[in-house]
Amino acid sequence: MKNNLSRRTFIGHAAGGIASLAAVPALAADEKPAEIAAGLNAAKPAELWLALIKQLDPERLGDEHLAALRADVQWNLRRSALLSGLAMTNADEPAPVFRAWRAEG
Amino acid sequence: MALANDVAWMGVRELGTRLRGGEFTAVDLARFFLDRIEQKAKPLNAVVTVTAERALDEARQADEDLAAGRDRGPLHGIPYGAKDLLSTRGIATTWGAACFKQQVIDEDATVIRRLREAGAVLAAKLSMVELAGGLGYDQANASFTGPGLNPYDNSAWSGGSSSGPGSAVGAGAVPFAIGSETSGSIMTPAGYCGVTGLRPTYGRVSRHGAMALSWSMDKLGPLSRTADDCGLVLAAIAGHDPLDPSSSERAYAYTLDQQPPFRLATLKGIADHVQPEVKANYQRSLEVLRPFSTLSEVELPDLPYGMVAGTIIACEMAAAFEGLLADGGVWQMTAPEDRLGLHAALLIPAKDYINAQRIRVKIQQALDSLVAPYDALVAPTLASVAGPIDKPFSEYQRGFSTRELTPAGNVAGLPALTMPNGFGERGLPTGLKLIGRAFEENRLLAIARKYQQLTDWHRRRPF
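These protein sequence lines are chains A and B, in that order.
Going from the first sequence to my numbering is simple: count from 1 and add 358.
Going from the second sequence to my numbering is simple: count from 1 and add 576.
Simulated from the structure, these hints should not be mistaken for lab results.
Bear in mind that the values here come from a model prediction, so they are computed numbers and not experimental data.
In this text, a Cβ means the ideal position worked out from N, Cα and C, and glycines have one as well.
Fair warning: there could be bad hints in the mix.
[Unchecked claim] Within a straight-line C-alpha distance of at most 25 Å, the following computed DMTMM-like cross-link-like pairs (lysine to aspartate or glutamate) qualify: (1) B:Lys927 with A:Asp421; (2) B:Lys967 with B:Glu1016; (3) B:Lys938 with B:Glu1016; (4) B:Lys855 with B:Glu683; (5) B:Lys677 with A:Asp415; (6) B:Lys855 with B:Glu875; (7) B:Lys677 with B:Glu590; (8) B:Lys967 with A:Glu422; (9) B:Lys1026 with B:Glu873; (10) B:Lys938 with B:Glu873; (11) B:Lys938 with B:Asp966; (12) A:Lys402 with A:Asp415; (13) A:Lys412 with A:Glu422; (14) A:Lys412 with B:Asp1032; (15) B:Lys967 with B:Glu980; (16) B:Lys855 with B:Asp1032; (17) B:Lys967 with B:Glu863; (18) B:Lys938 with B:Glu825; (19) B:Lys938 with B:Glu1001; (20) B:Lys1026 with B:Glu590; (21) B:Lys938 with A:Asp450; (22) B:Lys855 with B:Asp729; (23) A:Lys412 with B:Glu913; (24) B:Lys844 with B:Glu825; (25) B:Lys938 with A:Glu451; (26) B:Lys927 with B:Asp878; (27) B:Lys618 with B:Glu853; (28) B:Lys927 with A:Asp450; (29) A:Lys412 with B:Glu898; (30) B:Lys927 with A:Glu451; (31) A:Lys402 with B:Glu913; (32) A:Lys412 with B:Asp729.
[What the hints assert, rightly or not] If you want the ones that stay clear, here's a sample from chain B, every Cβ over 10 Å from chain A, calculated: (33) Arg689; (34) Arg839; (35) Pro852; (36) Asn1018.
With the rest of the complex left out, here is chain A (with noise of 0.2 Å):
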């Protein structure tokens, strides 16, 4: 790897490395039993994010709870797309700007 990398050049290698690391899961589904893939495969988001909702709290939460909950997550889940839809460039920073700080000033 060259020394000089640019803040640019070094987030489109970082870029290239996170897309790898978001494919393991599938890589890793593909290697599990047929039907396990095949379940996970067909398994929707919501699901998926009910079933983690549910490990939060699994004595309290019964499936009444879960079922009021569907909606919730099923707007979550249509408002992160719609967000990630936006376009935005790599120079849009968000709003909270970090400042490096010492106790003396």
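Keeping the supplied structure of chain A fixed, place chain B upon it in accordance with the hints.
This is chain B only, laid out in the frame that chain A set:
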């Protein structure tokens, strides 16, 4: 000394004049409003704690100071109420939630401290929607103190999440109150209860000692009888605070020097989906403004204000209150929907929060460009009057909307003011909203003062 009923409806400036004129003492005034709180505010579920002992101590101090020639300014000796998310030394601070009923944060919030230094008298901690509404409540009954009731009609909601501040000021039980707004929590109760409310610019007022719902969106501000009162209160509570890193270094002074003509802009289509009476009152308000203003029409840029606000609030709320899942506190929430509001929010992907904060920058820039040529944008405060307490909001408000004005202004951190402008369905108040450029509260206050000189909606009383 027994004070006349009219005292309950006087503004801060008039109360101060009469106090200094010897018509009554600060202790008389405190006793009078403590009684009003018991008689008028408690039946509206507007009160969590009456702080009688502290009020009488502060009032005695105010009288002693005045007698010694120490005048602390316009709020000297004036009673007020504070939304129960502001910490107060030695007094419970419940955040409206059953699981925090016994919580005592033994330090005065910066706002409470500044009001004490200005001579104001804390008379009550006022009710609020549990955790300031961050869990997604859809009904009036969302606080352990019961549903906030409207002083104009006890079967209607007071608005929230600053329910107690709205209905206590509306009922003449306190001359002013401090509320908080993350996205609508000052504008809504002030609008529904027929009082004047000011949402200051984000960072104008320190939140140290206030419950955090959303660190990057929470703001504190006054609800009172008039725009002039809001300015006097803002002057006392504004200013940088090292204990709140978000507080601005910009100094604030309330001045009366801004005069007409004002440059105003209405938003295209803003009244297309509001109740007929709201629309009629809005149009009549524009006719009041027209003789001393230029009125242009602009369009709200097409940006996902609601989605950005919703994502930011949900994620920050989830971080702030994650512990309620582990200790079971979330299951003690009054509104059933609030018991589930935390679960889904905890799993929102980090990239959604960051994308929302990135889009927020675009929203800030777009709205600043929109507002910069004007002194204020003008709109109906809310699309409808307050709904009945026994109906979900989603049912009563279905079909009514002021588009995305509430999340837009809040995401951008812009100041806004609401003032009463008439009555609508079931005799309930409607409001007129002004939205300004960041740190331009004085322009909004000047426009509102002029409007209130020409109208008497702010002087109407529910009883």
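These are the hints, each one checked on the structure:
As the CA atoms of B:Lys927 and A:Asp421 are separated by approximately 29 Å, the hinted pair breaks the 25 Å bound. With a C-alpha separation of about 38 Å, the suggested pair B:Lys967 and B:Glu1016 falls outside the 25 Å cut-off, and the hint is violated. For the given pair, B:Lys938 sits about 20 Å from B:Glu1016 by alpha-carbon distance, which is consistent with the 25 Å threshold. Proximity of B:Lys855 to B:Glu683 is assessed by CA-CA distance (about 45 Å); at most 25 Å being required, the pair is judged violated.
Distance check on the hinted pair: B:Lys677 and A:Asp415 sit about 24 Å apart at the alpha-carbon level, within 25 Å; holds. For the proposed pair B:Lys855 and B:Glu875, the alpha carbon gap of about 18 Å is at most 25 Å, so the pair holds. With a C-alpha separation of about 36 Å, the suggested pair B:Lys677 and B:Glu590 falls outside the 25 Å cut-off, and the hint is violated. In summary, the hint linking B:Lys967 to A:Glu422 is supported, as the alpha carbons are separated by about 22 Å, within the 25 Å threshold.
Restraint check for B:Lys1026 and B:Glu873: satisfied, since their Cα atoms lie roughly 21 Å apart, inside the 25 Å limit. Taken as a hint, the B:Lys938 and B:Glu873 pair is honoured in the structure, with Cα atoms around 22 Å apart against an allowance of 25 Å. Distance hint between B:Lys938 and B:Asp966 is unfulfilled; the C-alpha atoms sit about 39 Å from each other, more than 25 Å. Distance restraint check for A:Lys402 and A:Asp415: the Cα-Cα separation of roughly 21 Å lies within the 25 Å cut-off, and the hinted pair is therefore satisfied.
With a CA separation close to 12 Å, the supplied pair A:Lys412 and A:Glu422 stays within the 25 Å bound. Between the alpha carbons of A:Lys412 and B:Asp1032 the distance comes to roughly 55 Å, so the proposed pair goes past 25 Å and is violated. Between B:Lys967 and B:Glu980 the alpha-carbon distance is near 23 Å, which keeps this suggested pair within the 25 Å criterion. A threshold of 25 Å between alpha carbons decides the hint, and for B:Lys855 with B:Asp1032 the separation of about 19 Å falls inside it, so the pair holds.
At most 25 Å may separate the alpha-carbon atoms for a hinted pair to count; B:Lys967 and B:Glu863 exceed this at roughly 34 Å. Distance hint between B:Lys938 and B:Glu825 is fulfilled; the C-alpha atoms sit about 24 Å from each other, no more than 25 Å. Note on B:Lys938 and B:Glu1001: the hinted pairing is violated, with a Cα-Cα distance of about 38 Å set against a maximum of 25 Å. With a CA separation close to 18 Å, the supplied pair B:Lys1026 and B:Glu590 stays within the 25 Å bound.
Proximity of B:Lys938 to A:Asp450 is assessed by CA-CA distance (about 9 Å); at most 25 Å being required, the pair is judged to hold. For a cut-off of 25 Å, the pair hint linking B:Lys855 to B:Asp729 stands: about 21 Å separates their Cα positions. About 16 Å separates the Cα atoms of A:Lys412 and B:Glu913, which keeps this hinted pair within 25 Å; it holds. Among the hinted pairs, B:Lys844 with B:Glu825 is inconsistent with the structure: their alpha-carbon atoms are about 35 Å apart, more than 25 Å.
For a cut-off of 25 Å, the pair hint linking B:Lys938 to A:Glu451 stands: about 10 Å separates their Cα positions. Our distance criterion of 25 Å between C-alpha atoms is met by B:Lys927 and B:Asp878, whose separation comes to about 22 Å. Taking the CA atoms of B:Lys618 and B:Glu853, the gap is near 30 Å; set against the 25 Å cutoff, the hint is violated. A distance of roughly 13 Å separates the Cα atoms of B:Lys927 and A:Asp450; the hinted pair therefore holds under the 25 Å criterion.
Distance restraint check for A:Lys412 and B:Glu898: the Cα-Cα separation of roughly 15 Å lies within the 25 Å cut-off, and the hinted pair is therefore satisfied. For the proposed pair B:Lys927 and A:Glu451, the alpha carbon gap of about 12 Å is at most 25 Å, so the pair holds. Distance check on the hinted pair: A:Lys402 and B:Glu913 sit about 24 Å apart at the alpha-carbon level, within 25 Å; holds. Of the pairs offered as hints, the one joining A:Lys412 and B:Asp729 is violated, with about 42 Å between alpha carbons and a cut-off of 25 Å exceeded.
Distance to chain A confirms B:Arg689 as a non-interface residue, since its nearest Cβ pair spans about 23 Å, more than 10 Å. Distance to chain A confirms B:Arg839 as a non-interface residue, since its nearest Cβ pair spans about 28 Å, more than 10 Å. For B:Pro852, the non-interface assignment is confirmed: its Cβ lies about 31 Å from the closest Cβ of chain A, beyond the 10 Å cut-off. Every Cβ of chain A is farther than 10 Å from the Cβ of B:Asn1018; the closest lies at roughly 25 Å, confirming the non-interface assignment.
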